[in-house]
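Trainee: The residues making up each chain are set out below.
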Amino acid sequence: MRLFEYQAKQVFGGAGLSVPKGMVATTPEQAMAAAEQLGRCVVKAQVHVGGRGKAGFIKVASNPAEAGELARRMLGAGLKGYTVHQVLLEQALDIAKEYYLGAVLDRDGKHIVLMLSTMGGMDIEEVAATHPEKLIRLTPDIWRGPLSFELQDMAFAAGVDRAVYRKVVQGAATVWKLFWQYDASLVEINPLVITSSGDVIAADGKFEIDDNALYRHPELEAFRQASEEDPLEVEAQRRNLNYVHLGGDVGIMANGAGLAMNTMDVVAAHGGKPANFLDVSGGAKADVVQSALEVILQDPSVRGVFINIFGGITRGDEVARGVVEGVRALGTTVPIVVRMAGTREEEGRAILREADLVPAMSAADGAEKIIALINGRGA
Amino acid sequence: MRLFEYQAKQVFGGAGLSVPKGMVATTPEQAMAAAEQLGRCVVKAQVHVGGRGKAGFIKVASNPAEAGELARRMLGAGLKGYTVHQVLLEQALDIAKEYYLGAVLDRDGKHIVLMLSTMGGMDIEEVAATHPEKLIRLTPDIWRGPLSFELQDMAFAAGVDRAVYRKVVQGAATVWKLFWQYDASLVEINPLVITSSGDVIAADGKFEIDDNALYRHPELEAFRQASEEDPLEVEAQRRNLNYVHLGGDVGIMANGAGLAMNTMDVVAAHGGKPANFLDVSGGAKADVVQSALEVILQDPSVRGVFINIFGGITRGDEVARGVVEGVRALGTTVPIVVRMAGTREEEGRAILREADLVPAMSAADGAEKIIALINGRGA
Amino acid sequence: MGILLGPDSRLVVQGGTGREGSFQTQTMLEYGTRVVGIVTPGRGGQQHLELPVFDTVAEAVREVGANASVGFIPAPGAADGIMEAAAAGIELIVCISDRMPVLDTLRAYYFVKNKGARLIGPNCPGVTTPGVGKAGIMPGNIFQKGPVGLISRSGTLTYEVVNLLTKAGLGQSTCVGIGGDPIVGSSFRDILGLFNDDDQTEVIVLLGEVGGAAEEEAAEWIAAHAKKPAVSFISGRTAPPGKRMGHAGAIISGNRGTAEAKVAAFQAAGVPLADTIEQIPALVKAAL
Amino acid sequence: MGILLGPDSRLVVQGGTGREGSFQTQTMLEYGTRVVGIVTPGRGGQQHLELPVFDTVAEAVREVGANASVGFIPAPGAADGIMEAAAAGIELIVCISDRMPVLDTLRAYYFVKNKGARLIGPNCPGVTTPGVGKAGIMPGNIFQKGPVGLISRSGTLTYEVVNLLTKAGLGQSTCVGIGGDPIVGSSFRDILGLFNDDDQTEVIVLLGEVGGAAEEEAAEWIAAHAKKPAVSFISGRTAPPGKRMGHAGAIISGNRGTAEAKVAAFQAAGVPLADTIEQIPALVKAAL
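Residue numbers (this note's numbering), protein chains in the order written: chain A, 1 to 379; chain B, 1 to 379; chain C, 1 to 288; chain D, 1 to 288.
Each hint can be trusted.
Among chain C residues calculated to face chain B with C-beta under 10 angstroms, some are: (1) GLY42; (2) ARG43; (3) GLY44; (4) GLY45; (5) ASP55; (6) VAL57; (7) GLY77; (8) GLU84; (9) ALA85; (10) ALA87; (11) ALA88; (12) ARG107.
Ranges of calculated distance between the beta carbons of each label pair, as one might list FRET restraints: (13) B:LYS285 x D:LEU49: 20 to 30 angstroms; (14) C:ALA264 x A:ASP106: 15 to 25 angstroms; (15) B:TRP143 x C:MET1: 39 to 49 angstroms; (16) D:PRO74 x C:PRO241: 48 to 58 angstroms.
In silico DSSO-like cross-links for lysine-lysine, where the CA-CA straight-line distance does not exceed 27 angstroms: (17) B:LYS167 x B:LYS206; (18) C:LYS113 x D:LYS115; (19) C:LYS115 x D:LYS113.
Hint data in this document are derived by calculation from the structure and do not stem from the laboratory. All C-beta atoms, glycine included, are put in the ideal place defined by N, C-alpha and C.
Whenever a hint applies, use it, and build me the whole structure from the sequences.
Mentor: Dropping the structure here:
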């Protein structure tokens, strides 16, 4: 789960980090009203993509009229496939320096890496590539967390201004604390602005949270409502399904992520366009499979569904029952091809045979059949 | 700093541990009113000593009149030198079993030891001596804290009833958390009551906090006001002085705890009775020494003061200035003997000579002189 | 003689009294696995599936000499179960549980490492050594004893490949599902090392997928250290970036973890790559 | 040649720019101690008392080869200062700071231990090796080089005893104040071991006080391992139980930590005990 910039800043502010005074607007009128209060301000589109500045989605407004006009231009506009539903208006800062402060899960190194650089405001991967000595990394002990002196060493190694090093160290400690508190996989403040008066302010914020840990963060539910996510994916998540909307016309369901990915690959290799990724996972039961089929068929582009099951922990008979029940309950006329092997495959096939479902003997066979059916050529 | 039972239970309750429903009373009338609400209840004197039960300071009241009468008997009464100022009235519990749960700083082993026993309700040192196998100890990693399985292993090793082991494990985790959260040196629940209906309830509570860490616990200030501590010690603590009231007539001031203890020992060896321990500590300055003298002389039993200074980090001239200023400001007529050696002793003695203070060349010499002065024999 | 799960393995099932745990314990027993007990806190002293139930792993180690464990513990308690096994002296810890918070896994990872134990998973189908036993959820009927060592990040796709291998007359030494999470106890590289030293294993099949750099590391390791031929396959070639493909670990971040990079790494290491899983048996035969 | 602080010691003063830190740094320099720098975060690059100031201990190690540190850091930051020194590779860490929360000390204790460094203190007067230098706050003028190794839990009382020894013509090899807190980096026993192996030291004086069991442990150790005679003294014989006598560690808890128990332990170990500090020089002379 990714937080919007304004949400990340709410979290930062709650943890004691300084953030600019700001307000969210969903209409130009709200933006004007906000600018009345804020004075000269920055209007920032709230979307989950980088490069907003270059694309003209972060702009300074000198007065409310300008703010309203900027909001009008941004709201509803698209950026790299995302639509802007909200803008954040913030008091303009008196910027003296721009630092970078972040923490990220390094899956390959098996660490949480705290990173600090005095070269903020630009893509940190660029800094890492061009000025590696300017990006200081710290991998604190996973149980103990960073000790004050470690953060201090990091700050001095990065060349942080001595006048603000305490605040920067405090900020880094807070980033680490928030990372664990919220089960983050990424927390990033870029830029961390040093103002002329020596304040240290989180001028931007990225915050990504481990979906597997959301069960222990009911406090984040409120943030989800404001999400820009794909409605089908939101619906699938509500149903606790591993679903990714891909945009093609061949609905895909498989048990196991690897098998689902491979099913996509095979469908694509046979000239089909996968509509989605959907893994009904290990212990899927009839109701789960039915629910999955409902989500797939909520996608109006879907013209056929290929269900690819290999039974391990999932029992073939249960999957078959789920498919049959799902099809019956939905009364769908979309063609469905089912391929089933593994644990209790015979029992499963027996159940499938009773319903009007097209059997397939392999992934390749299934892919060919569903594509043929969609193209009106029969299986 | 030690919390009263009712204060410890407030802390326990705030952390999610179950505690009996109870109310504090400082008068028999309050006790009767509390009993009206609580029904059959236990009246418990709030003093910082053990053995209340045997001494008749924990009694069951069947009705408000009995509760009032018990409170009347306990309030103002003395127990092992402590006076009862408050009683706690608590709903009587339906006790099925009594366990012991505690955490203590083991200074010699350099651990925090979590302890659990199914033989609660009696002195745990007795259990340790007579049934060592019934007292299960866990010394969790100091950074990581106890892991769930470690607590679980402890619970099963102790023979905790399987029906309540989860609650006991949760209680042990909470005790550890509170230990660190409040910088405790002891947290003890004895007995941890298992009721007939399977509730796990902290029926008593001891909570001792590291005085050196009080600066980071302003939330505990409220608890201090209700303290039964010696008023002179409270006053000294307010002034940030290391003072212990001992009850004799020879006021003692020294720089360094070891030297102060030794000064006590020497005065006692010469037949004197130390009125107090007072360490003006390493970096004592004139104002500190003056303040210390004020506290010593607030004790009406004090008939003379022996100041024993050996200069290390403390400079003799500053101590001397403090003593002289203190004596002048107080206008006291109590005899004062001063012995001074070490850093800047000459400068110090020069300052002392100007005032009417009796010099001594050693601790023994000083002890003899102050005792003689107190007994009217001159120095 | 295969790796990880051998004739001396004495398996305890953590969470083996639950619905899924019971079902899988039954299939492990049916496969002939030496399961010596079940651990479910609070149910110690009972019998389940004719096996003794213990409150703690330490008891199972003490009472029935367990030295391997397989865990069916729901995600919130899974890390604790892993650490409990490691602290009790279990040498092989297989964690089937999925949806574990990655920070829980990270802490469990270091705990296990410090104890010198081996962790497989989480979010994995487990380990099967044909002819010896299985610690996990792989369907036993598809396996056959033989010379192929198999390592995979996925579950069902692995069964497909095993099925194809067996049908092609290519039996397996051991099949290891290392798990689909971003952080797993044992990497491709770790398991490659074990197969490298295993007499029975003559060829290694490696099933990778998008996300992370474990395949790239594996390719480098093979080029530098492998004493045996390897065959590889990558799934998720059509996965879009930034989207988690079911497995928490199967996500392309920016331009890191793409199928292209992994394919290129295996090519650079001279490891034959199958385009479809159906090609794998032929590549294995060619490598033998 | 004494212990802990020797001719190769290169001392850095943590917090040496503060008021007390400056004063004590001056006295250490006046005593002839090789002080190579000062560490005060945020003041790196400056000069103070003609010494270079560094932001971090690591810099002081790198730039001026510091291998010993003495800390005058207020209690809230003292544990961090200790751990910083240990992490930077400092071998001897002397912590003068008093009023440290004991849980802070406990964590610092284990951190230092894991790094293989030695911690003296906290809440101690430091270490003085006459003729070499002093890391701490002991008044230098009272010392004289000689054969007596001294270990003590207190500060000023120690100076009294040193003063008496020197006046009696008994010089000191090294004088170590281990600190008055319940948990200290080095115990009597640890320092006894060092004196035991030190050529210069011919007799050991041990100044104990009420609270804890460090004196009892020391007595046992002496009985079992000491190659040299020892003389002991216990203060606080008139201390009441349950009251903290200035030192956080000087408290009799129930019937643990009493002067009687310590006196008995030394008697059982055959270690001569002084009743007053004035008796110590004579006992030392008798033991030599």
